[in-house]
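For reference, the chains in residue letters:
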Amino acid sequence: MTDSFLPQKDEVRRRLEGRYVGAVPHNQSLNLRVVDYKPEVLSLALPYREDLVGNPETGVLHGGCITSLIDATCGGAVILSLVAPRRIATLDLRIDYVRAALPYQEVICEAHCYKVTRHVAFVRASAHHGDVASPIATASGTFVVFREGRREGEEGGSE
Amino acid sequence: MRLRDAVLAMRNTGDFTALQEAIPYTRFMGITAELRDDDIVGRMRFSEHLVGNASVPALHGGALGAFLESTAIFKLLWHGETTSIPKTINITVEYLRAARAEDVRARAVFTRHGRRVANVRVFAWQDDEERPVAIATAHFLLVQE
Chain A
65 MTDSFLPQKD EVRRRLEGRY VGAVPHNQSL NLRVVDYKPE VLSLALPYRE DLVGNPETGV
125 LHGGCITSLI DATCGGAVIL SLVAPRRIAT LDLRIDYVRA ALPYQEVICE AHCYKVTRHV
185 AFVRASAHHG DVASPIATAS GTFVVFREGR REGEEGGSE
Chain B
-16 MRLRDAVLAM RNTGDFTALQ EAIPYTRFMG ITAELRDDDI VGRMRFSEHL VGNASVPALH
44 GGALGAFLES TAIFKLLWHG ETTSIPKTIN ITVEYLRAAR AEDVRARAVF TRHGRRVANV
104 RVFAWQDDEE RPVAIATAHF LLVQE
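Chains A and B, in that order, give the protein sequences. In terms of the working numbering, the first sequence opens at residue 65 and continues consecutively. In terms of the working numbering, the second sequence opens at residue -16 and continues consecutively.
Be a bit skeptical, because a hint or two may be false.
Each computed EDC-like pair below joins lysine to aspartate or glutamate, with the alpha-carbon atoms no more than 20 Å apart [stated by the list, open to error]: (1) 70(B) with 114(A); (2) 70(B) with 160(A); (3) 102(A) with 74(A); (4) 70(B) with 121(A); (5) 102(A) with 75(A); (6) 73(A) with 104(A); (7) 70(B) with 115(A); (8) 179(A) with 156(A); (9) 73(A) with 100(A); (10) 179(A) with 104(A).
Don't read these hints as lab results, they were simulated from the structure.
Same shape as in the complex, but just chain B (with noise of 0.2 Å):
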């Protein structure tokens, strides 16, 4: 499926599932997303090739700032008039506490959504919301069509 139609499959159905296919890169790394009462919810599947530390083992940090990015574009995609992927400006990523070999979810909040940019704070957890191993915050430029 194109990437168009993907997203307005996704706003229709609530489902990401063509979205994630859509997208290359959240295909390779087991990044989707859900609705979870009227909100995204971004989860990344565990796989081995995610660990950055095979000693402990740890996700890679790589892969949760990857994540934490990937469930802010869903948000925006959600809720955005446009079907184009908004561009990443930057992201800065606090790394909490060691992400263990499992999967991980994550939520966003916008800051402030203008017509050009907007401001995102993703929160990543795994067992518990309330203790979350990674924040990012991160600015977008929304793309008009």
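So that you can see chain A by itself, here it is in the shape it has in the complex (with noise of 0.2 Å):
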């Protein structure tokens, strides 16, 4: 990226880090820290803390905090993906764990927006702890985006 796009770039920044991590209650109690973005690429950091962990004895971090680390990184890309802001919301998240993950180490994960259509976007990423080439986990999710105010009852998904 040039230089001329840097202020752009910090106030996209700034807008993620407010009201995307900052604004959503549990991204905000992971902690979850804006790494880096392109256009329709958005990297999300967990960092490591002992309350997260699913395994005592091992010490590695549970599933579930990595889920929630991958959707939120996934629907971010989504929102960069779009051309006006739109509320969106999961339809479908697959995660495959492909090798442990180790204590004591942040997870970052990266998602890709390749896809956006009218009303579904989708979405590939990986999460890993520093080496984009040796993931932890690999995923792909869809997402609904909402063209206007949705209606009580419209077909589901979560926030």
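With the hints as a guide, dock the two chains, each given alone in a separate frame, to form the complex.
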């Protein structure tokens, strides 16, 4: 990216950190942090914390908080890909744990929103400890994009 | 209490409190389980920090996925022969409707429980078990002691 884009990039980062990570209580409770973003690609980090451990014998984080990290990163990548602000909701999310996560290390998720249609956005993601070529999890998700104000009882999904 | 003792206590008494306390993340999330008619019913107590959209408000999709996975793990530990936590191979979560800012419950069903791998479906609901808010399909690697 050239220098001329930097002020705009800082503005986008501020918006992501303030309105997406900071304004979402669960993202905030996990201390999610914006690592980097490009158009349609977002990276968020989940810092290691003792109270998020899923197996006290190994010290490895619970898969659940990695699910939250991946869901948040995929959703953020969708928001980055939309030309106008829209409400979105997760339709489905699949996560494959391709190798064991390591204890005491933060987890970074990189999500790529590779296709947006009128009502649906498609995302691929991977989670790693800093080396994107050596993932601990790979994921794919689909999101519904609400075009107008949502009606009660409209098709489901989760924020 | 150590994990092993917490799992054994849960199997002896049907009380999941010690197990929830032994796993830091389930304590953080307010996820527990209880025995109801000989089956495990998971429960995630509502807390503000589980919210994904404050304006609706609705629960975070990741928190629901975490709850479904935890309920499957609780049921596997309840029925398992070992006290080691099973490893998640993969999990697919379908989100059917927005989950309100209230408690959630879940029930897990083994579609296949082999020696090495278990296939589990988990259903989460709020007021009506017939109207699930989310369903997960997951595979677990059962760890031998």
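May I ask which of the numbered hints given earlier this structure violates, with the numbers listed in increasing order? Failing hints: none at all.
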